[in-house]
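**Q** Here is what each chain is made of, one letter per residue.
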Amino acid sequence: MIHLNKIRGARRADLAQVVEIDARITGMRKPAYWAGILRRYGGSDRSRFFLVSLEGSAVQGYVVGEVRDWEFGSPPCGWVFGIGVRPEARLSGTGTRLLEAICAAFRRRGVGKVRTLLARENSLVLAFFRSQGMMAAPFIALERDP
Amino acid sequence: MKLQKNTLLALCSVLEFASEPARQFSTAEIAGKYGASPHHLAKVLARLRRAGLVSAARGSGGGYRFSGNAKRVTLLEVIALFERIGAPAPGQRAPRRPLERALHRVLAEIDETAKATFGSITLRTLLKLAGR
Numbered sequence: 001m002i003h004l005n006k007i008r009g010a011r012r013a014d015l016a017q018v019v020e021i022d023a024r025i026t027g028m029r030k031p032a033y034w035a036g037i038l039r040r041y042g043g044s045d046r047s048r049f050f051l052v053s054l055e056g057s058a059v060q061g062y063v064v065g066e067v068r069d070w071e072f073g074s075p076p077c078g079w080v081f082g083i084g085v086r087p088e089a090r091l092s093g094t095g096t097r098l099l100e101a102i103c104a105a106f107r108r109r110g111v112g113k114v115r116t117l118l119a120r121e122n123s124l125v126l127a128f129f130r131s132q133g134m135m136a137a138p139f140i141a142l143e144r145d146p
Numbered sequence: 001m002k003l004q005k006n007t008l009l010a011l012c013s014v015l016e017f018a019s020e021p022a023r024q025f026s027t028a029e030i031a032g033k034y035g036a037s038p039h040h041l042a043k044v045l046a047r048l049r050r051a052g053l054v055s056a057a058r059g060s061g062g063g064y065r066f067s068g069n070a071k072r073v074t075l076l077e078v079i080a081l082f083e084r085i086g087a088p089a090p091g092q093r094a095p096r097r098p099l100e101r102a103l104h105r106v107l108a109e110i111d112e113t114a115k116a117t118f119g120s121i122t123l124r125t126l127l128k129l130a131g132r
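Heads up: the protein sequence lines correspond to chains A and B, in order.
Each residue of the first sequence is one higher than the one before, counting from 1 in this note's numbering.
Each residue of the second sequence is one higher than the one before, counting from 1 in this note's numbering.
Same shape as in the complex, but just chain A:
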């Protein structure tokens, strides 16, 4: 299969489509949140990334992440904290290419490990990251009521 999708940094004109994809996945529209993500991750900071995959001018998916330094004693690593693919564009490798693109950006920043954090119930995205070779990290996520 030939893939003609292009991956580049997100722009203001992409936001409405990103909001729509996210809303279809999560059931919640969050335009203010995504505007903030674009402001913080779509700018000139070379350790933060907000990428979109395009077919023509249609956004097919997005990925957001950053390089985090020495968090909880961990050497700098790449964090992916958002990835989404338009439901009808799934199973065509869009998510894989988005993850590869952000991993390439992390490698250019000199980091050798990529991490993410997911709800246990999010089996679809968990299975995706597993299929990309991700294994359990040597950390345990904890929580309590404040």
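None of these hints come from the bench; they were simulated from the model.
Note that the structure is a prediction, hence the values are computed from the model and not measured.
Hints are supplied without guarantee of correctness; some may be wrong.
What the hints assert, rightly or not - Here are a few chain A residues that sit away from chain B, every Cβ distance over 12 Å (derived from the structure):
1) Gln-17
2) Ala-23
3) Met-28
4) Ala-35
5) Gly-43
6) Glu-71
7) Asp-145
Said to hold, decoys possible - Examples of chain B residues toward chain A, derived with CB under 8 Å:
8) Glu-112
9) Ala-116
10) Thr-117
11) Gly-119
12) Ser-120
13) Ile-121
14) Thr-122
15) Arg-124
16) Thr-125
Ideal placement from N, C-alpha and C gives every residue a C-beta, glycine not left out.
Since the structure of chain A is already known, use the hints to place chain B on it.
**A** Chain B alone, transformed into the frame defined by chain A:
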């Protein structure tokens, strides 16, 4: 984390089949490879067949082949055919004493993590992990 012998045999069998979906495997071949008795393996395969994960061909050249979707079937789905992770043993009462309840919460936390792990790994992903 330990799985029962039957469960492990089912996982290995279904993964063998899924690694070569076009091929028919004899029970003797799988039984020999994993040191199981053909009779024991036949019982395991019968359950996998009822779940639609393998299909059986009759006759002298008969055997089993994979009939599921390796990109969709997770390890948890196979495991759940043979055992329930975290399920209380039959007749087991809910813990009443505070210490038992606290221990039960910790064990439940481990079970939930195990279930999420098995539920997120498809047969295809595991085969990739094994370099197949």
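**Q** State the violated hints by number, sorted upward, taking the hints as numbered earlier in the document.
**A** none
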